[in-house]
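Dock chain B against the given chain A, drawing on the hints supplied.
Chains as they are written, first to last, in our numbering: chain A, 2 to 577; chain B, 903 to 1260.
Since the hints were made in silico from the structure, they are not lab data.
Using N, Cα and C, we set each Cβ at its ideal position, and we do this for glycine too.
Incorrect hints may have been included.
Said to hold, decoys possible - Calculated Cβ distances over 10 Å to all of chain B for the following chain A residues:
| # | residue |
| --- | --- |
| 1 | GLY35 |
| 2 | ASN111 |
| 3 | GLY132 |
| 4 | LEU146 |
| 5 | GLY212 |
| 6 | LEU250 |
| 7 | ARG251 |
| 8 | ASP253 |
| 9 | TRP391 |
| 10 | GLN405 |
| 11 | GLY474 |
Stated by the list, open to error - To be clear about the criterion: a stretch of chain B counts as covered by chain A if any three or more of its residues have a C-beta under 8 Å from a C-beta of chain A, and this derived list gives those stretches:
| # | stretch |
| --- | --- |
| 12 | 1111-1117 |
| 13 | 1166-1180 |
Stated by the list, open to error - Okay, the calculated beta carbon distance ranges per label pair:
| # | chain 1 | residue 1 | chain 2 | residue 2 | range |
| --- | --- | --- | --- | --- | --- |
| 14 | A | ARG333 | B | LEU942 | 54 to 62 Å |
| 15 | B | ILE1239 | A | ARG393 | 42 to 50 Å |
| 16 | A | THR290 | B | ALA1151 | 32 to 40 Å |
| 17 | B | LEU942 | A | ARG203 | 30 to 38 Å |
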Amino acid sequence: MTQQTEPAAPAQGAPPATATAPAPVVEMRGISIGFPGVKALDAVDFRMFPGEVHSLMGENGAGKSTLIKALTGVYGIDAGTITLAGERVSFAGPAQAQAAGISTVYQEVNLLPNLSVAENIMLGREPRRFGGIDWRAMRRRSAELLAGLGLDVDPWSLLGDHSLAVQQLIAIARAIDVNAKVLILDEPTSSLDADEVAELFRVIRSLKDQGVAILFVSHFLDQVYEICDRLTVLRNGQLVGEYLVDELLRIDLVQKMIGKELTALDDLEHRAHAAVVDETDAATFVSATKLGRRGAIEPADLPIAVGEVVGLAGLLGSGRTELARLLGGIDRADTGELAIHGEHVRLRSPRQAISKRIAFSSENRRDEGIVGELTVRDNIVLALQADRGWFRPIPKKKQDELAQSYIQALNIRPGNPDALVRNLSGGNQQKVLLARWLAIAPRLLILDEPTRGIDIGAKAEIQKLVFNLAENGMSVLFISAELEEVLRLSHRVVVLRDRNVVADLENDGLTVDSLLALIADGRVASDDEALDERAPAVAVAAVGSGAGREASAPAGSVADAGPTAPTTPTTEGDRS
Amino acid sequence: MTKLLEAPTTNHPPRPRRGTGPARTAPTGRGRRRPLAAALGVLTSPKYGPVTVTGLLFVAIFVIGGFRYRGFFSGQVFLNLFVDNAYLIVLAVGMTFVILTGGIDLSVGAVVALSGMIAASLLQTGWSPGVVIPLILVLTSILGLLVGLMIHVFKVQPFIATLAAMFLARGLCYVISQSSISITDPTFIQLAVSRIPLGAGLSITPSVIIALVVVGIAVWVLHGTRFGRTVYAIGGGEQSGLLMGLPVARTKVLVYVISGFCSGLAGVLFTFYTLSGYPLTAIGTELDAIAAVVIGGTLLTGGYGFVLGSVLGVLVLGVIQTIITFEGTLSSWWTKIFIGALLLVFIILQKVLTARRR
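This is chain A alone, in the form it adopts within the complex (with noise of 0.2 Å):
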């Protein structure tokens, strides 16, 4: 209640509104938690009020997913208290802190495809009739419960059959059922597209009204102020301050949150808008011509100059990633011709293209990037490993030096070299992912979706980067679904739809409305049907136009940090 401070940040903390919230139902004191080599929490304080809905606020890495799970019993605590609901508690484990009433819902959907929807629901607590499941008061309660949350749906279908949106809908009312006092939704909107965001909101809304607690995480900062009622702060492990979400403005939020100023972004909206001018009569490093592959991605046209940042838009499974596939070796191309500078080849695996000094970054991280069990220096030199052939393995001591010089260049965290990299957080293992393949000096680099679930601050760095390279000779072609961020670094937009190339625009006065024009239907739209005021509900966004408020503010440290490093150590990837 009042009497709490925040030991962290007292001159920033709002004074908790006392007046709607009798006593908090959560309430967590001095929690610690140390990992090997990283205290993820140090002396945390958070508390959550009954009927409230409270956001969790903080970069990747800031310690916000070790603190649910210290509330969900998951990890076990150093030191510290929780209380729930006035009394002392300490979970083994999820199963009993969902007994007690606190319920999570994964940003991963954590159901089974191949039970029914009534079953995901209940499983672990079906209803039993002389020592089996009561299939019918099974049915019964799921139906009932999935009518509480307006889902019509039919309770003995297959979960696998429903959209992701729907499945996470039948979460929240597997969570719910357990009369969840506290309810946990982990990064529920980034799978959501806008209408789907609006049913869950009704929900959790509606949840909110029967005096649910819920936290909910979210790195969209348009859908936490649309939501939230209160947020707590948390940068590296450390509480930074609880607030009312009324009384702070996003920019001071951000600015909490990366503990830096961020006008770096705008400054580099410009450079890359002013560096257009030079690029226009560059060579051509890679031409596609007429580059198509039988459902994947009709014969497109794709020329990049050296230098160049050339960004991909469009839905998904316009296209996009198929031709960066295409490009990247990934995928074999079926029709068309590919010419590095002017010379034709055709590239019929990734080991190709990498001794085409063409590096592809995939947009799914965990799968097809980083490979978790092993250590930040051993994914950092495996790509150029590779490239040397396994007969001639790098000496430990270049490997040292090469990683170290990326950790130092990219600001990798934590910045030990033998951590492993599935402890990192996602913004520093797409920052592993973005040296290992610069590691090998490539001429062209793909990356798709590298933004993608990281913070602010990593997106910024990583944007920074990509505009470094590419003023260091490096063509890039940058894929995101974010078309600010295409808009903001690249030379040149494509835009797909339908698997076409429908536009390729000098990217001088463009608009995310006329990109969104093209993208819909393949034209630009006249200015009184582009002209939506509402900014998208990208977190980037908000941090530039916050940002340019503050243009006086002095360049940020994340500015600093650009690397022209990753451009150096080109020896190390000298082929003999």
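Chain B only, in chain A's frame:
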């Protein structure tokens, strides 16, 4: 078209979906659907597709056999599929539990031989069948428990753990005796020769009754109890099951106990059939059991499948064997070739059918 037009009005860049690409908009089972579409829905469903195909295949083979050979199309030929394969049905039941969790049990054939050897040697020294049979079931269950604990506690691959158990059991057979031991116990002989008449000149053996009881219990356990649903849950996603608070560890160990128990029981039924214990017996039977389970529509990755499908799988193997017997001129090894081909076709079929959804 309409879907794409929605994008600009929401002014929200479409978020990529996780996992399996574009939205899966499979039918939800409601609304009007044409019968053909409904049939296609069943066939491409990972849950019902493979087992439906197996059922159709069994009927087709049986009908073809009926047209081709005199005397094939009779009730007794059908019942003999059960009589001859009672032990395999029991094995397949145990294997179904294991494969549903995504595991595998390679030890069952050797355990069948071992329980036959234990039975034969103990009966030879004058033990009562009333003691020997329960003892075998307890011993093989304990072996299953050890395998399960090895898999769970030490995180050994099921393939390796059960391979070790297979060598252990096969080796123990030779420790008991290097040569065949015949069984002269009157109870066993009685069980071996007795037939239970079903009227109209049809009959089955006690083994068939036991096997069907096992099948019945297994169906109830898998579909009517929390344990059974947890078995499916583990196959569908072990991590998800853990996060849902299901007793994953206990269940994973228990399926190997069940498989061990079923192997022991199958061994006893097998001795009713052969009236002897022989260390080299039932070599490769574990593979027959796996084949039956897979042909019966259980996905090797776990999560989908039915015990009744596995029974159907055993019947398909049996009917192929019967056809080759009726053909007369073919070596019985042709059975293996057909089973091999069938297995290949089925696994490809599973891939093709379910890939359309994924």
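Against the structure, the hints come out as follows:
Annotated as non-interface, A/GLY35 keeps its C-beta farther than 10 Å from every C-beta of chain B; the closest such distance is 23 Å. A beta-carbon of chain B is positioned within 10 Å of the beta-carbon of A/ASN111; the least distance is around 4 Å. The non-interface label for A/GLY132 is inconsistent with chain B: the shortest C-beta to C-beta separation is roughly 7 Å, within 10 Å. The claim that A/LEU146 is not at the interface with chain B holds, since no C-beta of that chain comes within 10 Å of its own (minimum 15 Å).
With a cut of 10 Å on Cβ distances, A/GLY212 stays outside the contact zone with chain B, its closest approach being about 23 Å. Every CB of chain B lies more than 10 Å from the CB of A/LEU250, the least distance being 22 Å, so the non-interface label holds. Look at A/ARG251: its CB is around 18 Å from the nearest CB on chain B, clear of 10 Å, so calling it non-interface holds up. The claim that A/ASP253 lies off the interface holds: its Cβ sits roughly 25 Å from the closest Cβ of chain B, which is beyond the 10 Å cut-off.
Its beta-carbon lying about 26 Å from the closest one in chain B, A/TRP391 satisfies the requirement of being farther than 10 Å from that chain. Every beta carbon of chain B lies more than 10 Å from that of A/GLN405, the smallest distance being close to 34 Å; the non-interface claim holds. Residue-level check passed: A/GLY474 sits 30 Å from the nearest beta carbon of chain B, beyond 10 Å. Counting residues of the stretch 1111-1117 of chain B whose beta carbon lies closer than 8 Å to any beta carbon of chain A gives 0, which falls short of the minimum of three for the stated coverage.
Chain A is given as covering the stretch 1166-1180 of chain B, and this is violated because 0 residues of the stretch bring a CB closer than 8 Å to a CB of that chain, at least three being needed. At about 31 Å, the beta-carbon gap between A/ARG333 and B/LEU942 misses the expected band of 54 to 62 Å. One distance hint, 42 to 50 Å for the beta-carbon pair B/ILE1239 and A/ARG393, holds here, with the actual separation near 48 Å. Between A/THR290 and B/ALA1151 the beta carbon distance is about 58 Å. The supplied range of 32 to 40 Å is therefore violated.
Take B/LEU942 and A/ARG203: their Cβ atoms lie about 35 Å apart, and the range 30 to 38 Å holds.
Against the hints set out earlier in the document, violations occur for numbers 2, 3, 12, 13, 14 and 16.
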